[in-house]
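Protein sequence lines, in the order shown, are assigned to chains P and L.
Each residue of the first sequence is one higher than the one before, starting from 1 at the first, in the numbering used here.
Each residue of the second sequence is one higher than the one before, starting from 1 at the first, in the numbering used here.
Worth double-checking, as some hints may not be accurate.
Repeated chains share a single entry, so a pair holds when one copy, or any two copies, can fit it.
What the hints assert, rightly or not - Listed next, the in silico SDA-like pairs over lysine to any residue satisfying Cα-Cα at most 25 Å (straight line):
| hint | residue 1 | residue 2 |
| --- | --- | --- |
| 1 | K153 | D261 |
| 2 | K315 | Q21 |
| 3 | K457 | T423 |
| 4 | K430 | G419 |
| 5 | K68 | E5 |
| 6 | K331 | V23 |
Hints were generated in silico from the structure; no laboratory data involved.
Everything numeric in this text was worked out from a predicted model, so none of it was measured.
Here are the chains, one letter per residue:
Protein chains: 2
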Amino acid sequence: MSTKERLYLFDTTLRDGAQTQGVDFSVDDKIRIAETLDALGIDYVEGGWPGANPTDSAFFSEKRGLKKATMTAFGMTKRVGRSADNDPGLAALFDAESDAVCLVAKTWDHQVELALGCSLDENLEAIEDSVRAITKHDREAMIDCEHFFDGYKANPDYAIACAKTALAAGARWVVLCDTNGGSLPHEVEAITRAVAEHVPGDNLGIHTHNDTENAVANTLAAINGGVRQIQGTLNGLGERCGNANMVSLLPTLLLKPDYADRFETGVPVENLKQLTHVSRLLDEILNRSPNRHQPYVGASAFAHKGGLHVSAVQKDPATYEHVPPEAVGNKRRILVSDQAGRSNVLAQLEAAGIEVDAQDPRIKRLVDEVKEREFLGYAYDGAEASFELLARRALGEVPHYFEVESFRVLVERRFNAMGELVTVSEATVKVAVDGATIMSAGEGNGPVNALDQALRKDLGKYSSWLEDLRLADFKVRILTSGTEAVTRVMIESVDGDGARWSTVGVSPNIVDASFQALMDSITYKLLRDGAPAAL
Amino acid sequence: MSTKERLYLFDTTLRDGAQTQGVDFSVDDKIRIAETLDALGIDYVEGGWPGANPTDSAFFSEKRGLKKATMTAFGMTKRVGRSADNDPGLAALFDAESDAVCLVAKTWDHQVELALGCSLDENLEAIEDSVRAITKHDREAMIDCEHFFDGYKANPDYAIACAKTALAAGARWVVLCDTNGGSLPHEVEAITRAVAEHVPGDNLGIHTHNDTENAVANTLAAINGGVRQIQGTLNGLGERCGNANMVSLLPTLLLKPDYADRFETGVPVENLKQLTHVSRLLDEILNRSPNRHQPYVGASAFAHKGGLHVSAVQKDPATYEHVPPEAVGNKRRILVSDQAGRSNVLAQLEAAGIEVDAQDPRIKRLVDEVKEREFLGYAYDGAEASFELLARRALGEVPHYFEVESFRVLVERRFNAMGELVTVSEATVKVAVDGATIMSAGEGNGPVNALDQALRKDLGKYSSWLEDLRLADFKVRILTSGTEAVTRVMIESVDGDGARWSTVGVSPNIVDASFQALMDSITYKLLRDGAPAAL
Numbered sequence: 001m002s003t004k005e006r007l008y009l010f011d012t013t014l015r016d017g018a019q020t021q022g023v024d025f026s027v028d029d030k031i032r033i034a035e036t037l038d039a040l041g042i043d044y045v046e047g048g049w050p051g052a053n054p055t056d057s058a059f060f061s062e063k064r065g066l067k068k069a070t071m072t073a074f075g076m077t078k079r080v081g082r083s084a085d086n087d088p089g090l091a092a093l094f095d096a097e098s099d100a101v102c103l104v105a106k107t108w109d110h111q112v113e114l115a116l117g118c119s120l121d122e123n124l125e126a127i128e129d130s131v132r133a134i135t136k137h138d139r140e141a142m143i144d145c146e147h148f149f150d151g152y153k154a155n156p157d158y159a160i161a162c163a164k165t166a167l168a169a170g171a172r173w174v175v176l177c178d179t180n181g182g183s184l185p186h187e188v189e190a191i192t193r194a195v196a197e198h199v200p201g202d203n204l205g206i207h208t209h210n211d212t213e214n215a216v217a218n219t220l221a222a223i224n225g226g227v228r229q230i231q232g233t234l235n236g237l238g239e240r241c242g243n244a245n246m247v248s249l250l251p252t253l254l255l256k257p258d259y260a261d262r263f264e265t266g267v268p269v270e271n272l273k274q275l276t277h278v279s280r281l282l283d284e285i286l287n288r289s290p291n292r293h294q295p296y297v298g299a300s301a302f303a304h305k306g307g308l309h310v311s312a313v314q315k316d317p318a319t320y321e322h323v324p325p326e327a328v329g330n331k332r333r334i335l336v337s338d339q340a341g342r343s344n345v346l347a348q349l350e351a352a353g354i355e356v357d358a359q360d361p362r363i364k365r366l367v368d369e370v371k372e373r374e375f376l377g378y379a380y381d382g383a384e385a386s387f388e389l390l391a392r393r394a395l396g397e398v399p400h401y402f403e404v405e406s407f408r409v410l411v412e413r414r415f416n417a418m419g420e421l422v423t424v425s426e427a428t429v430k431v432a433v434d435g436a437t438i439m440s441a442g443e444g445n446g447p448v449n450a451l452d453q454a455l456r457k458d459l460g461k462y463s464s465w466l467e468d469l470r471l472a473d474f475k476v477r478i479l480t481s482g483t484e485a486v487t488r489v490m491i492e493s494v495d496g497d498g499a500r501w502s503t504v505g506v507s508p509n510i511v512d513a514s515f516q517a518l519m520d521s522i523t524y525k526l527l528r529d530g531a532p533a534a535l
Numbered sequence: 001m002s003t004k005e006r007l008y009l010f011d012t013t014l015r016d017g018a019q020t021q022g023v024d025f026s027v028d029d030k031i032r033i034a035e036t037l038d039a040l041g042i043d044y045v046e047g048g049w050p051g052a053n054p055t056d057s058a059f060f061s062e063k064r065g066l067k068k069a070t071m072t073a074f075g076m077t078k079r080v081g082r083s084a085d086n087d088p089g090l091a092a093l094f095d096a097e098s099d100a101v102c103l104v105a106k107t108w109d110h111q112v113e114l115a116l117g118c119s120l121d122e123n124l125e126a127i128e129d130s131v132r133a134i135t136k137h138d139r140e141a142m143i144d145c146e147h148f149f150d151g152y153k154a155n156p157d158y159a160i161a162c163a164k165t166a167l168a169a170g171a172r173w174v175v176l177c178d179t180n181g182g183s184l185p186h187e188v189e190a191i192t193r194a195v196a197e198h199v200p201g202d203n204l205g206i207h208t209h210n211d212t213e214n215a216v217a218n219t220l221a222a223i224n225g226g227v228r229q230i231q232g233t234l235n236g237l238g239e240r241c242g243n244a245n246m247v248s249l250l251p252t253l254l255l256k257p258d259y260a261d262r263f264e265t266g267v268p269v270e271n272l273k274q275l276t277h278v279s280r281l282l283d284e285i286l287n288r289s290p291n292r293h294q295p296y297v298g299a300s301a302f303a304h305k306g307g308l309h310v311s312a313v314q315k316d317p318a319t320y321e322h323v324p325p326e327a328v329g330n331k332r333r334i335l336v337s338d339q340a341g342r343s344n345v346l347a348q349l350e351a352a353g354i355e356v357d358a359q360d361p362r363i364k365r366l367v368d369e370v371k372e373r374e375f376l377g378y379a380y381d382g383a384e385a386s387f388e389l390l391a392r393r394a395l396g397e398v399p400h401y402f403e404v405e406s407f408r409v410l411v412e413r414r415f416n417a418m419g420e421l422v423t424v425s426e427a428t429v430k431v432a433v434d435g436a437t438i439m440s441a442g443e444g445n446g447p448v449n450a451l452d453q454a455l456r457k458d459l460g461k462y463s464s465w466l467e468d469l470r471l472a473d474f475k476v477r478i479l480t481s482g483t484e485a486v487t488r489v490m491i492e493s494v495d496g497d498g499a500r501w502s503t504v505g506v507s508p509n510i511v512d513a514s515f516q517a518l519m520d521s522i523t524y525k526l527l528r529d530g531a532p533a534a535l
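Okay, chain P solo, but in the shape it has when bound (with noise of 0.2 Å):
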């Protein structure tokens, strides 16, 4: 039996994330991210606001097949003046489907005042009913009070009163927020301590903000004070300056002896390993460069630049990496030459499923490949239909199936007949299948569908196999890698099945690199459901 404290981890990249400039998740984005969180080991997957928008809503119409994790919707306090049985806010959380509701309540005394004008009793009452009325509907209840720390500091019994409240109505955890993230790592290290003098730290939560660049320190120095729910986000998405960066303080949680050797969490030391990709893939999600700096995952967490410290990480790895970067899925680089290639290669490998002897000179070959493919601007962290493409060519794994001898795409904007602005584009593609040499066109509603429109009309033996494959989604980015600009495209596609693969082109000419995602997506679809090899 383990003698350690019990840390929980929730998440709430889907819902305060969401709130991250420019960010704009879709319902199956969220599904991809809610289920990566479970798989991680997060207690608690905050999924948005439903009734608040179209998307949150849609996403909780149904119930997410979580395996471990705790869906929570978030919502807020009923209004005062109402019962919270004919809330109409409650009413949209108590039809979603989630096993625990959030609740925002204001614990500001002034704000009580400013923003609902209400009295400070009728908010306790609003947050005692809120919560009762939580649990009578059979969900876990949590109250977010917000503005927690400059309310203390204005009124410390009013605003523990409200956490008191909450408690006393059945809430799991009382969540202090630094809704503005003014506070600092010794002031949320005080007030935390004195609050769990009146609330026990077991149903205590800190939900920090990145305004002084002290997230992370906040979330730390909470748990100093006592508290044992922690709220973050994946890569310290969220307004403004971001939240607390959940992939941040996962490895200091679990690998550094003073927080590890003291607190358990539901996240397996060994699922680190994944967080490396989890940033990437939530990067790639949101089609962001990830930050090349960002702790413990980032391409240059653990890279070394100068021949000391080179040598000295090659005598003694601790000297200059304070954690080893395969912990965390990251990898070391030497920027003089990277001896990091192989092994990541293989546990990549291993994730595609492809079974292989590490000694297989092959294996070589295709660690060549990659690195040059990288160096040029390939990325296959959210693109594992190429790379598995990759690695089963380099194995002699993958049949000829078609070749693509020439294309050409038009794009014109003029009037038409009938005076309008119009903007067409049209493709024509010469194929070779089975010795035979086939010429089709084809129009789209832009020029990488046309060329879709114009390479799938005719695939010969090919195209009945490509009925059900459908392009869900397109992302592109421009990269300054190797010598020039190019132009990264990603292309997720899914078939009848519901299967989904993401495929990646790289070229300096956008339609190129279209071009070259759009094959592996075919080749990737025709491997996958054991299309024959061409004559």
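The hints should help you fit chain L onto chain P, whose structure is shown.
Below, chain L without anything else, positioned relative to chain P:
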């Protein structure tokens, strides 16, 4: 007379910051940054390591005209087995033009034996002799204690002996370095407090790295522990995950009462108004996109999304702003999101500096147009220039410049005369300027680039206004908006003055969407620079 304690600020952007992957300062860059730091009021500017590379040697080859800051040169303690007078590294330092010299010394017993291969006493002698040599050459002496925290944990007596030896030999400062960045705030506070019992805090400095995302917090923890010199870099530049971010530390120390009431620095509080500019200037010099989410100075640091927050922040800014944005030279942004209502649009107009009466009937038309465009997939959150154009057009403030009558773009992949597979892009455009129709053709490495080339080849009298316009970034996203899938393109542009703006285009056709964003970018540039209207 102030009764506050003095905190000294030491900037190492030009030395430790220069270790960042991809950073390569020229001598002119270094001079510009050193002068900027001096004007801000930083006490020490560490300019580099004379003798280690040609740039740093050139930088220190003459006295730089700093008004107040102490120019500091970095190096290593003398080698064991030779005298300080006879050490070539120290000789290069004393030839360099600097006011202070900071030498890195080993203080972790294990490292002394492993890396230096000398006895613990020989290392103490090297520290003592080296410090004596600095003061003999009339420079202020400092010692950077490498791996101090790991060293202290392994052998506290020896780590402290190193610090005391440096102090006794005449060092003004003994700097405690968390070299591999693995220490956590509670450790840093406890260890600095313990060290301050042996070496006065007025002689202690702190140098942290961000490997656990705690560099800023570790610096604050060290101040709490008694340290009175803090080292950092602009924007947290530095190898791996970076150093402590001086841009985050400064406003915390100057604006937060727990520090501001207790300490004074060489930076007057009014100089903080330059901070956003200083931070962006560094990014310009490095040709990096500024981090929108950077604490205090990021474009999103005071951005508010969602009607609830917007109305609250307008009633009482302190609710969602922990400091006033103007205090650090930043500004509040009200994001126009899909919840855009009238108050959001009015606030956004005010932020863009557009004066208009709230009762003006054109406001309603603008709100309706924003809503309609958002339904189609436009997002003005992050494309402020397109929003400004839309608003100014609604108010009749955008002159007519030119009109694109038609364009045509061809992308072809084929074998060239050498038998190589190539992809080529060509564009033709027809533009009406001042009553004449101009037809131009352009080639590019992609369709948008070809279109941009053709468009800018001849725009009549406007061509000269666009010479310094450059496309810096290009982002594409596929959305399902309104009734069908559309492509949203965001373009970020920069000009010769370092101004940056973002524009957006939406269409089912990626080339068309890019064309719209491109047209907005060009129009914004002409409007901004006051180009004359068409005849």
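Against the structure, the hints come out as follows:
1. K153 x D261: For K153 and D261, only the inter-copy Cα distance (17 Å) is at most 25 Å; the intra-copy one is 33 Å.
2. K315 x Q21: between (45 Å within a copy, 22 Å between copies)
3. K457 x T423: both (22 Å within a copy, 22 Å between copies)
4. K430 x G419: Between copies only: 16 Å across chains, 34 Å inside a chain, cut-off 25 Å.
5. K68 x E5: For K68 and E5, only the intra-copy Cα distance (19 Å) is at most 25 Å; the inter-copy one is 53 Å.
6. K331 x V23: Answer is between: at 21 Å across copies they meet the 25 Å cutoff, but 29 Å inside does not.
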